[in-house]
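Peer 1: Taking the hints into account, I'd like the entire structure generated from these sequences.
Just so you know, the protein sequences line up as chains C and S, in that order.
Heads up: the first sequence is residues 0 to 429, going by numbering that gives the first Met the number 0.
Heads up: the second sequence is residues 0 to 304, going by numbering that gives the first Met the number 0.
One should not assume that every hint holds.
[Stated by the list, open to error] Okay, derived cross-link-like pairs now, SDA-like style, lysine to any residue, Cα gap no bigger than 20 Å in a straight line:
{"id": "1", "chain 1": "C", "residue 1": "K422", "chain 2": "S", "residue 2": "F72"}
{"id": "2", "chain 1": "C", "residue 1": "K82", "chain 2": "S", "residue 2": "F267"}
{"id": "3", "chain 1": "C", "residue 1": "K340", "chain 2": "C", "residue 2": "A112"}
{"id": "4", "chain 1": "C", "residue 1": "K422", "chain 2": "S", "residue 2": "I76"}
{"id": "5", "chain 1": "S", "residue 1": "K151", "chain 2": "C", "residue 2": "K82"}
{"id": "6", "chain 1": "S", "residue 1": "K52", "chain 2": "C", "residue 2": "R189"}
[Stated by the list, open to error] Cβ-to-Cβ under 8 Å is the rule here; a few derived chain S residues that face chain C:
{"id": "7", "residue": "P141"}
{"id": "8", "residue": "G253"}
{"id": "9", "residue": "Y270"}
In case anyone wonders, no lab produced these hints; they're calculated from the structure.
Where a beta carbon is used, it is the ideal one built from N, C-alpha and C, also for glycine.
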Amino acid sequence: MRRSGMLVVVLALLFLTPAAVLAGAAKTITLWYPAGDITAGAAHFGDKTLFSEYEKKNNVKVEAVALDYDTMQQKIFAAAAGKNIADILFIDDSWAPGFLREEMLEPVADAKAKAWLEAVSPEIRTLSDYGKGRMWGYTQYGIDVYGLTWNKDQFKEAGLDPEKPPKTWDEFRDYAKKLTKRDAQGNITRVGYAIRHVGQPHGVVHKHFWAIYGAGAALIDTPLALRGGKYMVNTPGGKAALQLVLDMLDVDKSTSLNFPDPRAAFLKGIASMQISETVSIRARQPKEAPDLKWGMALPPVPKAGDKSATNLGGWLYSVPKQAKNKADAWKLIEWLNSPEKDYELCKKYNASPRYTVNWDKEPFKSDPYNQGLKQLYPYGIKLPINLGFNGIMDATGAAIQKVWHHEASVDAALAEAERQANKAIADAAK
Amino acid sequence: MISERRRSPRQVLARLHSRHILHAYLFIAPVIILFGLFRVWPSIQTLLYSFYKVELLRDRFTFIGLENFYSLFGDEIFRRATVNTLTYVITIVPISAFLGLVLAVLFNAKFHLKEFFKAVYFSPMVTSTVAAAMVWWWMYNPQFGIFNVLLKLVHLPEQPWLMSSHMALTSIIIFSVWKNLGYNMIIYLAGLQAIPPQFYEAATIDGAGPLTRFRHVTIPLLAPTTTFILIYDTILALQVFDQVFVLTGGGPAGSTNVVVLDLYRQAFERYNFGYAAAEAMVLFLFILAVTILQYYYSKRYEVAY
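Peer 2: What follows is the structure, given as structure tokens:
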């Protein structure tokens with residue numbers, strides 16, 4: 000009897016002690032973000048003090064977990080299927096249609112969405128609004144706008160004015176020819192313009208949006224509709240956009256399929272011009288090319304007088320439907336994305352703010368980079384939010400690659416892309 | 000105490016035997032359970048999924064019969080992936096087998112540092128495919144990779160390697176041959192060392208030279224080994240994924256897209272689990288056909304010394 004009594008006491012202590020400890024412990028809110036420098040906006044999650052003020056005030060613990068960018072979407076989906084997912088997802092906004100198609104995301108409350116859309120600058124409003132004021136997350140600061148970046152020293156070396164980038168496609172081709180360098184065997188050692196032609200098809204399309212949009216084409220005729228619509232790249236404008244780079248490859252020989260990622264090539268000094276996320280060059284240049292003198296402008300247009308166009312993108316703080324602490328997650332997101340925090344973090348991390356009121360404060364008011372970005376934003380076009388978006392991008396990326404790798408003619412490649420993209424749109428609408 | 004009913008020796012033996020069987024099953028039970036859980040059940044589930052539209056997040060399964068298979072056969076991307084996979088198989092299997100045989104014949108002789116070189120040739124086999132592929136990705140870099148540096152040194156034109164849709168699959172095949180060579184070499188070496196020397200002695204007495212002995216003694220007696228290697232390598236090659244995923248991701252322009260990579264994309268990037276399951280089933284049928292071939296050919300080429 001005495002022995003069994005002791006056993007009961009020991010067992011009680013074993014079970015009750017952890018429960019007592021757990022009862023007093025803070026709730027944990029998990030946040031998943033992409034590791035590395037894939038986005039400048041994720042840099043602050045590595046700062047251990049970022050959430051300390053919030054944690055103390057609200058008796059919570061915020062656990063920011065870095066995931067590999069290349070497989071992050073798959074991990075998110077698998078976690079959602081296993082009903083064991085983070086409370087907050089920091090996602091590329093181009094992933095949103097895929098997640099919306101699977102009904103994975105919680106919408107922002109209407110009143111909060113309205114307040115946000117009224118307080119932020121126009122480009123943030125464009126990115127945040129998924130139609131009729133509906134928001135699926137809060138857009139991160141330091142948004143991406145694609146611009147032409149050029150190496151000023153190489154411009155000077157080629158006899159070009161380093162402060163005057165090409166404005167039309169003819170100028171662009173001419174500049175690229177002059178900037179290209181070759182070795183004694185005739186191999187290109189520096190391209191005038193670096194292209195993205197390998198890797199994820201979506202990335203290939205992103206870096207060629209400027210030409211597609213600039214030539215008057217579009218990915219879909221109803222970019223803000225979740226369902227329905229028609230593929231619009233197989234048009235004279237779309238064909239011209241693909242033909243431009245094909246001519247630079249075959250006729251001008253001012254670009255090459257032998258060069259890696261355009262940003263890496265630009266920062267290594269083996270590409271004089273490239274068109275991609277300006278925020279990425281800004282973040283990477285001090286580390287990877289500290290001596291590089293570079294300029295930033297809108298991408299060139301088909302002919303003088305045409306309207307400039309480029310793509311606008313960003314990252315989103317979103318809450319998945321399967322999150323266990325939704326209310327706490329939204330509360331944390333709202334705190335992190337308040338006007339005060341926006342100003343504090345943008346100042347600390349050298350990023351462009353989101354609130355209109357913060358643009359009127361220093362350093363943003365007089366910083367040349369941020370003011371330069373403000374000139375580009377009005378020409379930025381948001382990605383379509385159609386639920387068949389992934390299929391549209393796959394088809395377009397495949398077409399671009401086939402054309403530039405001489406696997407198919409422009410007409411054949413875009414005809415096939417149109418068939419596949421329209422099928423993806425139709426399947427997503429079911 | 001003396002038992003009222005004594006057991007006969009036969010009964011005792013039978014009881015011992017059944018206890019022995021029970022113990023044997025208990026020992027292998029964990030493996031069988033794990034095998035069933037992680038290999039058999041997922042295979043059955045894949046077969047079932049291939050007849051459904053699977054929406055995992057909504058917990059919705061809609062029976063659609065053979066619709067996934069019909070879509071598959073009309074899918075140009077899957078067709079191209081199949082062609083790429085078969086091209087890969089047809090190229091890599093005979094090359095790996097041939098080079099493995101050559102190395103095995105060389106290593107069958109005695110020379111200095113033989114064991115060291117054997118380890119050198121076998122080491123790619125024990126290296127992680129992903130790690131090795133990442134190193135080779137850099138070696139294939141057109142600007143900074145060692146292959147183009149060496150080509151430049153001997154005044155040969157630089158190659159685009161993985162950057163070209165015409166060369167990327169060849170580049171992957173070269174990597175795969177390097178990776179698998181050691182395994183074929185070891186298997187052939189075992190086969191060579193199992194051949195009784197009397198056959199060679201008899202052939203030598205009959206006046207056969209080295210090449211004749213190789214053609215008329217070694218090759219025929221290695222037939223079972225060769226059959227095994229060809230079939231095993233074919234099954235592995237049909238399931239190629241790691242090196243393609245790391246080196247090219249299936250590009251450029253789908254020139255290195257293979258069946259397993261395509262089904263991975265369908266399942267985990269497009270969330271079309273039913274469609275991906277149908278692809279897996281088609282691949283399974285390919286591999287089953289190869290296995291059945293192996294069964295019949297191995298019977299035909301059985302050799303008794």
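Peer 1: Can the restraint linking C/K340 and C/A112 be considered satisfied, given a maximum Cα separation of 20 Å?
Peer 2: Holds, at roughly 18 Å.
Peer 1: Should the hint that S/P141 touches chain C count as held when the rule is a Cβ pair under 8 Å?
Peer 2: holds, 4 Å
Peer 1: Keeping to a limit of 20 Å between CA atoms, is the pair of C/K422 and S/I76 held or broken?
Peer 2: At roughly 14 Å apart (the allowed maximum being 20 Å), S/I76 and C/K422 satisfy the hint.
Peer 1: Check the hint pairing S/K52 with C/R189 against an upper bound of 20 Å on the C-alpha distance.
Peer 2: Not OK: S/K52 and C/R189 at ~50 Å, beyond 20 Å, violated.
Peer 1: For the restraint on S/G253, tell me whether the closest CB of chain C is nearer than 8 Å.
Peer 2: holds, 6 Å
Peer 1: Does the alpha-carbon distance linking C/K82 and S/F267 stay inside the 20 Å limit?
Peer 2: At roughly 16 Å apart (the allowed maximum being 20 Å), S/F267 and C/K82 satisfy the hint.
Peer 1: C/K422 and S/F72: Cα distance at most 20 Å?
Peer 2: holds, 16 Å
Peer 1: Would the pair S/K151 and C/K82 pass a check requiring their Cα atoms to be no farther apart than 20 Å?
Peer 2: violated, 54 Å
Peer 1: Using the nearest Cβ pair, does S/Y270 come within less than 8 Å of chain C?
Peer 2: holds, 6 Å
Hint compliance for this structure: hints 5, 6 are broken, all remaining hints hold.
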